[in-house]
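Chemist: Could you build the full structure based on these sequences and the hints that come with them?
Residue numbers (our numbering), protein chains in the order written: chain A, 837 to 1227; chain B, -11 to 426.
Take these hints with a grain of salt, some might be off.
Heads up, simulated DSS-like pairs for lysine-lysine below, C-alpha to C-alpha not over 25 angstroms straight-line [said to hold, decoys possible]:
{"#": "1", "chain 1": "B", "residue 1": "K169", "chain 2": "B", "residue 2": "K120"}
{"#": "2", "chain 1": "A", "residue 1": "K997", "chain 2": "B", "residue 2": "K67"}
{"#": "3", "chain 1": "B", "residue 1": "K55", "chain 2": "A", "residue 2": "K1007"}
{"#": "4", "chain 1": "B", "residue 1": "K39", "chain 2": "B", "residue 2": "K77"}
Worth flagging that the hints you see were computed from the coordinates, not collected in a lab.
A quick note: this is a predicted structure, and the numbers were derived from the prediction, not measured.
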Amino acid sequence: GRDIIDWLIQKYNVSEEESLHVGGMLVKYGYIYPLKEPRSLVLRPDESPYRFQTPYFWTSTRWPASELDYGNAKNQTEGVRGYSVLHKRINHTWDFVVMQAREQLRASKQRRKADRIVLECQEQAYWLINRPPVRSLLLLCSTVMNQIETSRRALGRNRVKSSICLEGFVKYSEQYLNHDPIMQGCLPSNPWISDDTAHWTMNADMVPTPTRLRVERWSFSFMELLEDSMGRREFMTYLEKEFSAENLCFWQACEDVRHGESSRIVEKVEDIYKNFLAPGAARWVNIDSKTMDKTLEGIRHPHRFVMDDAQMHIYFLMKKDSYPRYLKSDLYKNMLAKAIVPQETKKSVFPFMRRQRHSSPSPAQAATQAEDGQAKGAGQAGTNSAVQLSA
Amino acid sequence: MFYLDFLIVILCFKPFRCRSLPAQRKYMRSPLIPEMATQEVQLNETLAHLKTESETLKSKLEEERAKLHDVELHQVAEKVEGLGQFVMKTRRTLKGHGNKVLCMDWCKDKRRIVSSSQDGKVIVWDAFTTNKEHAVTMPCTWVMACAYAPSGCAVACGGLDNKCSVYPLSLDKNENLAAKKKSVAMHTNYLSACSFTNSDMQILTSSGDGTCALWDVESGQLLQSFHGHAADVLCLDLAPSETGNTFVSGGCDKKANVWDMRSGQCIQSFETHESDINSVRYYPSGDAFASGSDDATCRLYDLRADREVAIYSKESIIFGVSSVDFSLSGRLLFGGYNDYTINVWDVLKGTRVSILFGHENRVSTLRVSPDGTAFSTGSWDHTLRVCDDCYFFIGIKYNQNLCTFNFTPCAPDKPPLSLTATHLPKYSNLKKHIYRST
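Modeler: Structure below.
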């Protein structure tokens, strides 16, 4: 090892540190291999003997190593210990590997002993570097098979005519045009342009009166209503009047199971069963018997998706029945009537005076404070904690 | 069942390499036994047969897809009013990264951004004030993926370390964020993209090892893995659907796959791009998704029609797309390109409505803010920019007083899309001056 390092220092005129590094790389990639402790691919600056690898085995020669050859090399050197591990990996190929090994052993016995030792060393070193990816073959097969499966499944799909789908895009864009700030601007002004956060303040989660656009959006789809926390609250109020609030509560509880911590799934599913599904439960939900049976069966071994079918049933029940009636109800109509339409901030022709940009409390801060039990209004308007003039 | 047999056959007999071996090595190979030779031939035949079956199925699928394709998108969009030329302007420039910005994500509060760069730094900004709020130095370089948690209390990031780690955001200035780091995902190759699902508890990742995976944040457990890409997976996006169970991924194998998160199966697959797909993003309704690729095109795929329905390309655009996103209504598609520009496309008509210069190196990441008020881009020029469009307004001189009307962008020769004016002048001989707002 010492000789190698000295030679490198002399040849390349480098420091010992660099020579150690370069030499280390040579060993790592198999151009030189250690005779003692062959598994430790490190260049030691002492009396440890090394040998040059024959060019055939150089990494740059790029023979993709085959599993079968690997199997044979392992067989000769490791004996029983490697056997079971390799057996698991190569499985069906094993018999063939053994057969090939016997052939090689027979052929190798006819060589001179000295030659054999050298060749063994070289081969051993080669395999230490070039452990072949055993799974590459399996992966290739499974990929092709996956593709065939996917194509098969895709062929069985129900497809919709292009004209209907594309019409859908036109309608969607039209419906949301007024809600798209980049297309139509937003009221009272776009915060990024005017430096005024009024738009965000008016559309915060907890506002006494929502904006008109926001309430209108609840009528676009059931999903829009549920995704807006205020919309969801309003809908809950309506359902309470109709004595069907347990549906929404059930749906929310199921969402909690699906998206919550893995460790609490069992506990949450039990709660759901007690409150919503058990006979005589306080807030019993009306699910068809087939789905109910399937769900109760699944509850025995609770997992993240065990409530999916029931949840979907209740979701579509609400969507088809309660939601349309909500949109026609006085509750919704009143909300729409009293909703604000913000006045558009007039842009001055010479906006040299840039407004101060106020910072807002970080969501992380709001969470920590909630944990500390402090109640603070989650306003988005400037708190004056850090008033910054932009650069 | 045929396929199982085939698999066993493949495992038993791997064909020998046929190349001239140096004399030294020849003795190591056993001579070809006649039975093995014939089986090898059989094996090659089976492999070829399987491949042709796959190809036949694919072309049959294309035929089926084409049957229901009765009209093109731009034809349907003919009746829609055209958009004028938009002019985009940078509203904020976020400087602070010491190296190429690779990824960014918006917080649900519509103003905060997390971004990651090549030097291993992950920074959380309040983009509105341009203040930096948190900074973490990752132990690895090339942090290619970062995501903001829905609650706004944590960020996830990862890259060459093959892992995705979650950092809870603490407001204590003295606290070292890195101390609370939680290692969640483990891949066998680099992490290319990550995204929280509907809650802080689960993360979806994609990796250079060709797989995507769903992880439980609390325990670090792998909940589901998704195999099917034949090469590195570069991007993913979660579907905004009612049932919330699917996501799309794009990879270096030119394929975009739609997956069922519950079963791990690939539900749909699209292979029309000519090069690596760098970015995928769902249309706001969840019925379609757009993809951006190194072949310099963006494409729109409809999930119900099960086919590609539009290509957004121009002969003058020859550089690949690194990142795409839709405006809130889905009418505009923003694409960040490797030639340092951002092109804005009219999704329905297929035309380009704007080009934005400003970055001094390639645009690596682009996201529209959650409420659609602006979009942010990150670039290899070490900066992030938050951009918006300019409004044109007409200034009309009326008795020496200047009245201004604000209206939305339009082409100079066409009437405006909407006019919010306090009063309209009746005089026809008034001079009209078109001013651009600053």
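Chemist: Confirm or reject each hint.
Modeler: We went through each hint and held it up to the structure:
1. Our distance criterion of 25 angstroms between C-alpha atoms is met by K169 (chain B) and K120 (chain B), whose separation comes to about 19 angstroms.
2. As the CA atoms of K997 (chain A) and K67 (chain B) are separated by approximately 19 angstroms, the hinted pair is consistent with the 25 angstroms bound.
3. Using a Cα cut-off of 25 angstroms, the hinted pair K55 (chain B) and K1007 (chain A) holds, with the two alpha carbons roughly 24 angstroms apart.
4. Of the supplied pair hints, the one linking K39 (chain B) and K77 (chain B) is violated, its CA atoms being roughly 51 angstroms apart against a limit of 25 angstroms.
Of the hints listed earlier, the one the structure fails to meet is number 4.
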